[in-house]
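Engineer: The whole structure should be built from the sequences, with the hints applied where relevant.
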Amino acid sequence: MFVIHCPWCGDRPETEFHYGGEAHIARPEKPEELTDQQWADFLFMRTNPKGWHRERWSHSSGCRRWFNVMRNTHTNEIAGSYRIGEMPDLPDGSGPAKGAKA
Amino acid sequence: MSQSFRLADGGRIDRSRVLHFTFNGQNYEGYPGDTLASALFANGVRLVGRSFKYHRPRGIMTAGSEEPSGLVQLETGAHTEPNLRATQIELYDGLSATSINAWPSVDFDIGEINSLLSRIFVAGFYYKTFMGPAGFWNKIYEPIIRRAAGLGRAPEYPDPDIYDHQYVHADVLIAGAGPAGIAAALAAARTGARVVLADEQSEFGGSLLHSGESVDGLPGSDWIAGALDELRQHEDVTLLPRTTVFGYYDNNYIAMVERRTDHLGPLRPKTVSRHRAWHVRAKRVVIATGAHERPMVFGDNDRPGILLAEAGRVYTSRYAVKPGERAVLFTNNDNAYRSAIDMHLGGMPLDAIVDIRARPGAQALAWADSADVEVLPGSSIIGTAGRKSVIGVDVMATTPDGIGISGGVRRIDCDTVLMSGGWTPAIHLFSQSGGKLRYDSEQTCFLPETFVQACRVVGSANGTRVSADCLAEAAEAGHISAREAGFRARARKAPKGETVDPGGLQPAWVAPSDHPTGKGPRKHFVDFQNDVTAGDLMLAAREGFHSVEHLKRYTTTGMGTDQGKTSNINALAILAREVNNEIPKVGTTTFRPPYTPVSYGSLAGRNVGHLSDPVRKTPMHDWHEGQGAAFEIVGQWLRPWYYPQAGETMQQAVNRECLAVRNAVGLLDATTLGKIDIQGPDAAEFLNRIYTNAWKKLGIGRCRYGLMCHEDGMIFDDGVTTRLGENHFIMTTTSGNAAQVLDWLEEYLQTEWPDLKVYCTSVTEQFATISIAGPKSREVLQKLSGDIDLSAEAFPFMSMQAGEIAGAPARIFRISFTGELSYEINVPAFYGRAVWQAVMQAGKAFGITPYGTETMHVLRAEKGFIIVGQETDGTVVPQDLGMDWIVSKQKPDFIGKRSFSRPDTARSDRKQLVGLLTVADGNEVLPEGAQITEAAKGVPPVPMLGHVTSSYYSPTLGHSIALALIKDGRSRIGEELHAPLESRAIRVRVVEPVFFDPKGERANG
Amino acid sequence: MTRFSIASLVRNAMNWHQDWPRQWRSPQPKPSYDVIIIGGGGHGLATAYYLARQHGIRNVAVLEKGWIGGGNTGRNTTIVRSNYLWDESAAMYEHSLKLWEGLSQDLNYNVMFSQRGVMNLAHNLHDVRESIRRVNANRLNGVDAVWLDAAGVKEFCPIINISPDVRYPVLGATLQKRAGVARHDAVAWGYARGADALGVDIIQNCEVTGFDISDGVVTGVQTTRGRIGAKKVGVVAAGHSSVLANMAGFRLPLESHPLQALVSEPLKPIMPTVVMSNAVHVYVSQSDKGELVMGAGIDSHNSYSQRGSLSVIEEQLGACMELFPIFSRVRMLRSWGGIVDTCPDASPIISKTPVKNLFFNCGWGTGGFKATPGSGHVFAHTVATGEPHPINAPFALDRFISGALIAEHGAAAVAH
Amino acid sequence: MVDLTLRRSPLSGWEQKLAVASVDGAVALREIPFLGMVNLRVDLSMRGVGKSIEDAIGFALPKQPNTVTSRLTTRALWMGPDEWMIVAPDGEQQALIGKLALQLADRHSAITDVSANRTTLELHGPKSIEVLQKGCLLDLHPSKFLAGHCAGTNLARSQVIVEKIDDHATWRIYPRWSFANYVADWLIDAMMEYRAPL
Ligand SMILES: Cc1cc2nc3c(=O)[nH]c(=O)nc-3n(C[C@H](O)[C@H](O)[C@H](O)COP(=O)(O)OP(=O)(O)OC[C@H]3O[C@@H](n4cnc5c(N)ncnc54)[C@H](O)[C@@H]3O)c2cc1C
Ligand SMILES: NC(=O)c1ccc[n+]([C@@H]2O[C@H](COP(=O)([O-])OP(=O)(O)OC[C@H]3O[C@@H](n4cnc5c(N)ncnc54)[C@H](O)[C@@H]3O)[C@@H](O)[C@H]2O)c1
Ligand SMILES: Cc1cc2nc3c(=O)[nH]c(=O)nc-3n(C[C@H](O)[C@H](O)[C@H](O)COP(=O)(O)O)c2cc1C
Ligand SMILES: [Zn+2]
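So the protein lines, in turn, are chains A, B, C and D.
If you're matching positions, the first sequence starts at 1 in the working numbering and goes up one per residue.
If you're matching positions, the second sequence starts at 10001 in the working numbering and goes up one per residue.
If you're matching positions, the third sequence starts at 20001 in the working numbering and goes up one per residue.
If you're matching positions, the fourth sequence starts at 30001 in the working numbering and goes up one per residue.
Hints are not guaranteed to be accurate.
As the list claims (entries may be wrong) - With a straight-line cut-off of 27 angstroms between C-alpha atoms, the simulated DSSO-like cross-links for lysine-lysine are:
1. A/30 / B/10891
2. B/10388 / C/20268
3. B/10889 / B/10967
4. C/20030 / B/10585
5. B/10757 / D/30099
6. A/50 / B/10585
7. C/20154 / B/10139
8. C/20356 / C/20231
9. D/30017 / D/30127
10. A/30 / B/10496
11. B/10139 / C/20065
12. C/20177 / B/10937
13. C/20356 / C/20030
14. C/20268 / C/20154
15. B/10757 / D/30051
16. B/10897 / A/30
In short, the hints are calculated from the structure, not lab data.
Structural biologist: Right, dumping it as structure tokens:
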């Protein structure tokens, strides 16, 4: 059970949070213009990386805010949290993925 | 004679009080401070159990939690506990224990026959046989194997004891309270840090409790007492004896189990948890868990009376008992001399030391010399004699390379053999933390190398062997840990320990014997619990099981209840030798929690029985209960299912309730519906995106039904939402989805559309909801609602009014889930009970009838209304339910829309909602979940068209009705199909899914 | 291959078992193979075995980054059943169950497939409805299934608590009698031995680190032991499937989650069958060695670390105490985790990919052990012929585009 | 006329049970029914909003997460960056709502009466921390969780709001209505061991 840093409430146990999967998968602005394949990409396809991962969490038992966490899925090391709309670099120096929405 | 092996004096036992206990039905005595193991030794009981596979007689081998073979079944009946280690059971008055895995008795065990077959029963033999003929495995072989396997017995009764949890934070948590742990705790506590110090034993002190060493010039026990006194002075120090640190999880989350009352025996208070699982989030962890001595692997090294050298000393020094009359030590290291000679000096004679090394250390020889104990260097015990006890050892000289033997056999009579193959630091917790190990070839053990979490390892656990160094490094670790946790104070002087060097060691993984290992009748046990011999390991290696993980699984070495604490290193060293690899390359198996077994009860804690999960009750619950309602579990809620009257069956009650609603008036507790208050200038736009239908033009005071889909187009929830003001809505959700819908709304607002100005607030629990339904509902309500005009014109269907009902502020929604004229009243939950009763009172004259969820289901099914989760299962889009009317064609986008046009979702022959009527017997109710086929019969796989989602007897219509999802169902209306059940098929006709009042006139009136 | 039998055991005992050969070789990788299978779990090894046996393709290597069977095959709760809801799944799992029924003899390796029955409990009316739906569907699909009421449940498993007073009382259960458990390690070893005997190279400690792809066609793999050429590559890497897909340049609809299991200390036989409960998230059986084997739910977050949270285990044991109050004093001996590749519809993917001659078999998530023989069998067909076997055709990747998902969440909520 | 005497709190009828569970000198538990509670959602960073609210309730809302500000008998608990729960004596909520509505009339905000949404349990005494720590994962140590702190969290299997009222180990626990009996049962159970000393 991790300690997750809520950008508002500080360090709290994982059981207070709800996991929301990979972050920065923006809902397409105009879904009707996408091919079925592109829509399937949005709906289902995930990077699911072994290593650094930007992911969404919601502090569901606390302040109910959604925010993002940078976590290494291999080691479970957590590098930090940031609010929706932000995009700090990952510890390995990589910035935002191309086309990713903050 | 009672306690004939008890030494005349000494030991940390309380001789002033005698404790009585039984083992295998025999009465014995012991003292407070004894473990069951020491008390058994005190009474000369050495045969304790039988081994797992060969049922060989076994005794106690250690004095601690690493014990592989001295396992017993404690107590009987509801209090019984299997597989406990005698070495960890604190003696209490009235204790009773028995041997396990022996039948009819430990003295005469039929299973010992396996021993004769042991030549066949080698590692993995069961993979090679018992394969045929077909069916024999289940019927013949497996039952026999199962009966032979297993150790103790599970209790047959529910547990009378309770268990709980405690969640705490610590600056420094210290695992193990030997001299190192205590020194670390002192240093950390002196800074003011919050310190938790835990030790699995009943007393703090670890090896100092028996080693006779001094600290700071004080006898060990005096130093411990002083240190504990000081620790108790610090407010923020928690001292936890009888507490095993069993798991080291991510982010320095430490799990421990405290045995709070086991040692009190039958006297224990029932209101206090027996075990408490501690969950500690620690800023820093200091691991001071000591080390385990390891056995020598030699011929028939498992007989009762053969034990670890250090254990011999523990029994004489700490418990003042002799494990036997005459002992021999077999070792490969100097330190064991010290243990054995201490024991000898303590009153348990040591006749000889057999040292596999040609040249024992000078210090060791001096110790032996001073105690006048004979040393046989360059010698090996090739085998032992005896059955239920060792009665002698056979010794031969080793060849100069140490691998072979030469010369004649010398028999040394003895009833106790001490063995020591060196020490294995207890790095279990460190490994669980994710830390990586390195191999130390001098000490022949694995030691911490790379740290992943914020911890330190000190003392014996760190491979530090000189006491003075242990104390110094521990004190430093305690201090630095506290400093890293934010506590600044100057370090004080570390306690000063003795500087005796424990001397050297020469690895000897298998002692040479008269037959090559594995090729003769002698067994060289490595894993004493699972009966894994050196021969088994060598066989596994020959068959290609070269990975240490394969070796473990093929032979089961290290998989017993001791998890190989004493055996793993020997096993992997033997493997390394067999495959010509280096020990560090072979590596260890994975260390996993728990360190020692933990009761399920303590992990479950208080989350059992009536506290296992919240039972959510509505404000009217007591009333329902008072009326004898039967309840349905819906998520965590309890909802009235139906209200049987005296003598009524469920069907009769439901019929009565249904008819009451259709003909007069009924009331339903609908409090569990989710309610979300939605406010903001963009609220209507938000609903437009969330629901499939249009919301912007909904008038104030008007209600509308909506469907929500997930992005994949599948229906997720439904409910009525009402516009309270230009920028203000109140949404209802299904009972089961209330929390999910709120989360879903927040998720979209916060992550996708932060530009929308909308606030959502859950008011599910703020309001009690009472649904009044039936032609008389207006009249009933009128009696309570004073000045609210309930006329159809003033208060039309699908609208809402605020006012006062029966003295409570209320919102009244004219909506209907039954198809009848109906009002849903929301009052602050405080008033729920009173208003409910007022409605009952007001309705009396009209025959008002409370109805439950079953009746609600029948009534809505008559109307063809769906229930999310019943007509839907995550694979259903609105169009499948014939609800195209609620899917906006105008809106450019809403959640789920894009998915409707995918090839499979756009198919015209998807499963569609239809009604079904039974053809032959109109009263027959189809089972919900019945599948629908074209033909009445067929050979599997029979093509299935769909299934019955809802099915009831409709008292209103006088026949049964059903809803079903049927492939291409809309175009099958009028067709006859079948519902094949186990023994017969029921003929059904496909009809429209609305059975009653298709025009909706009743609700509208 | 030396045949295993009681006779050969006795014969070898005479010689203190000195003559048993290796169960599989440990060859050096050849420069290239007709087929490379990535992943030496049960599914990968079974695929190799059936490629060699059914399709005569013997120039095959199985590349395993660690030790064979060390992935989910070696860490699962070993429940084998075929009572899935949808036709496509029933066909797949029943195909597999039929292979299980002859597997020990086929492999000449005792995989201890024990058909002691599996019960899936129902705790509320919704469960009951869904259970009956599944029982009916199963029967029509030729999968044995019965519905038991609470008394029937008690009769089949006398130690279960069916008191109506517990928080989530047992209202009944579906029972598949032909279902049961098997010895997980033996499955990997048995297939390995069988495949090896047919000429398949099993190469351990060989991690695939990249694919050689030219003009959209796979030509080989990069490994920690060098490049190995291949005409075709089948990836059967369970929790690591996404990692391999990412190497090949595409994404999969998978998330990797920790799933934990635990065993108790060994006990004398007490648990006669397998009991699963989706609603309270617990499943229990007892191994032949005597441990109670139990599984938990997945940790919600993605992770490739084979460890989960204690809280998940605690929750599951709370549920267990409700069903089996007599286990309260039993003790947990060991707990561990695996990495499961969960798929949005809780069904597997056995499919061609955007790269020619590169095939994936993944997405089994929390419940693929039971499918080991069947999955290997149809995947071998897919790899050998380049086209899916009729049984795995519906499980192709394109279902995520068309929307034709096979939603087995009901059967698979804690699907094992 | 609204009739206040008709009201029942989720733990009406539990008074005796809670009193019996309380142990002198160790830990005591009671329900404080019917406290007025108003949920307020608004963006405090909008100009003038802070002042408007101060005018309405007589003091400033806490900006510091998980803290409480108060004046006399009215307290404002930080619930989220744009969410507060204002707790006032029974009967004052309507006036509060009126004043807030007036002040925030032209502002995007949501003022919701949630007085019945949760009830209030008060736990007090030297053993109160130990009791809570049987099911609460927060660090409740007196040096960490101070008087005037509050938090949304879980207590055993229920979501609750926990507030520390004073420096003398007095806690308020706000469970949702339908969880109140569970939380009360759980606390009574957790207090049990102090009745019989170990
Ligand atoms: C705790 C737990 C309980 C479960 N219980 C059940 C159950 O009761 N019933 C059931 O049916 N299923 C169950 N499952 C699921 C089941 O274990 C899996 O679906 C199944 O074993 C998958 O088999 P596999 O051969 O595909 O995968 P694995 O056995 O995981 O094999 C994949 C192999 O690929 C290797 N690999 C990965 N990447 C590479 C690379 N780059 N190069 C080379 N090799 C690589 C891995 O090392 C691994 O050995 C459970 C799973 C878990 C974790
Ligand atoms: N390594 C050796 O070769 C060796 C051998 C014998 C004695 N010694 C001596 O032992 C002393 C070292 O002291 P130390 O404090 O490091 O070790 P120690 O053995 O004295 O103490 C370790 C303590 O940790 C406890 N413990 C172990 N695992 C635990 C767990 N998971 N949870 C809770 N408690 C646990 C044990 O009960 C024990 O009390 C020195 O004096 C040293 O000379 C060392
Ligand atoms: C069905 C089954 C039964 C097991 N029984 C035991 C057991 O009796 N003793 C034991 O130590 N481990 C047992 N294990 C767990 C393994 O030791 C090991 O933890 C598991 O295979 C995961 O590997 P790892 O812990 O090395 O990562 C069992 C595992 C499974 C899947
Ligand atoms: Zn927060």
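Engineer: Does residue 10585 of chain B sit within 27 angstroms of residue 50 of chain A, going by the straight-line distance between their CA atoms?
Structural biologist: 25 angstroms, holds
Engineer: Given the hint that residue 20154 of chain C pairs with residue 10139 of chain B, test it: the Cα-Cα distance must not exceed 27 angstroms.
Structural biologist: 21 angstroms, holds
Engineer: Between the alpha carbons of residue 10897 of chain B and residue 30 of chain A, is the straight-line distance 27 angstroms or under?
Structural biologist: Measuring from Cα to Cα gives roughly 11 angstroms; hence the hint holds.
Engineer: Under the criterion that the straight-line Cα-Cα distance not exceed 27 angstroms, is the pair residue 30 of chain A, residue 10891 of chain B satisfied?
Structural biologist: 12 angstroms, holds
Engineer: Against the 27 angstroms threshold, does the CA-CA distance of residue 10757 of chain B and residue 30099 of chain D hold or violate the hint?
Structural biologist: At roughly 22 angstroms apart (the allowed maximum being 27 angstroms), residue 30099 of chain D and residue 10757 of chain B satisfy the hint.
Engineer: Does residue 20268 of chain C lie within 27 angstroms of residue 10388 of chain B when you go C-alpha to C-alpha?
Structural biologist: Roughly 24 angstroms separates the two Cα atoms, so the pair holds.
Engineer: Holds or violated: are the alpha carbons of residue 30 of chain A and residue 10496 of chain B at most 27 angstroms from each other?
Structural biologist: 74 angstroms, violated
Engineer: Does the alpha-carbon distance linking residue 20356 of chain C and residue 20231 of chain C stay inside the 27 angstroms limit?
Structural biologist: 10 angstroms, holds
Engineer: Given the hinted pair residue 30017 of chain D and residue 30127 of chain D, is their Cα-Cα distance within 27 angstroms?
Structural biologist: 19 angstroms, holds
Engineer: Given the hint that residue 10757 of chain B pairs with residue 30051 of chain D, test it: the Cα-Cα distance must not exceed 27 angstroms.
Structural biologist: Holds, because 21 angstroms separates the two Cα atoms, which is no more than 27 angstroms.
Engineer: Can the restraint linking residue 20177 of chain C and residue 10937 of chain B be considered satisfied, given a maximum Cα separation of 27 angstroms?
Structural biologist: 23 angstroms, holds
Engineer: For the pair supplied as a hint, residue 10889 of chain B and residue 10967 of chain B, confirm whether the alpha-carbon distance does not exceed 27 angstroms.
Structural biologist: The hint holds at about 25 angstroms.
In this structure, the earlier hints numbered 10 and 11 are contradicted, and the remaining ones agree with it.
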